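A.B. asks: Sequence:
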Amino acid sequence: MLQVVPDKWLTELMRVCRSKDYSSIEDYINNLMCEAYAVAQLMDQLLKLIIVSEDISDRQKSLICEKLAVSILNLTLICSLTDTLVM
1 MLQVVPDKWL
11 TELMRVCRSK
21 DYSSIEDYIN
31 NLMCEAYAVA
41 QLMDQLLKLI
51 IVSEDISDRQ
61 KSLICEKLAV
71 SILNLTLICS
81 LTDTLVM
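Just so you know, full-length UniProt numbering puts 36 at position 36 of the sequence shown, and the rest follows in order with no gaps.
Careful, some of the hints might be misleading.
Claimed, not checked - Pair by pair, the computed Cβ-Cβ distance ranges are: (1) T76 / I51: 14 to 22 Å; (2) R15 / L81: 13 to 21 Å; (3) T82 / S53: 14 to 22 Å; (4) T82 / V52: 28 to 36 Å.
Bear in mind the hints are in silico, worked out from the structure with no lab data behind them. Since we're looking at a predicted model, the values are computed, not measured. Ideal Cβ placement from N, Cα and C applies to all residues, glycine included.
Could you build the full structure based on these sequences and the hints that come with them?
C.D. replies: Here is the structure:
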């Protein structure tokens, strides 16, 4: 069962991504990894947050969600391949 990622992590992710500062994004990711939340859960919640966001244009939402969808697909395929190789 996936653990829900607290809103503070999602809000902070949106903030650091807007900053366009690589070191801030890297620090955020390192801190988030220590919390051990499932990446799939984080991405699912992030998609929902982006869709309802009023400060992101529809065009931006479309581009972001398309990139996230491709990332989710790749994550799923990698997990499926890993499961197959382990068995």
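A.B. asks: Quick one: which hint numbers does this structure break? Sort them smallest to largest.
C.D. replies: 2, 3
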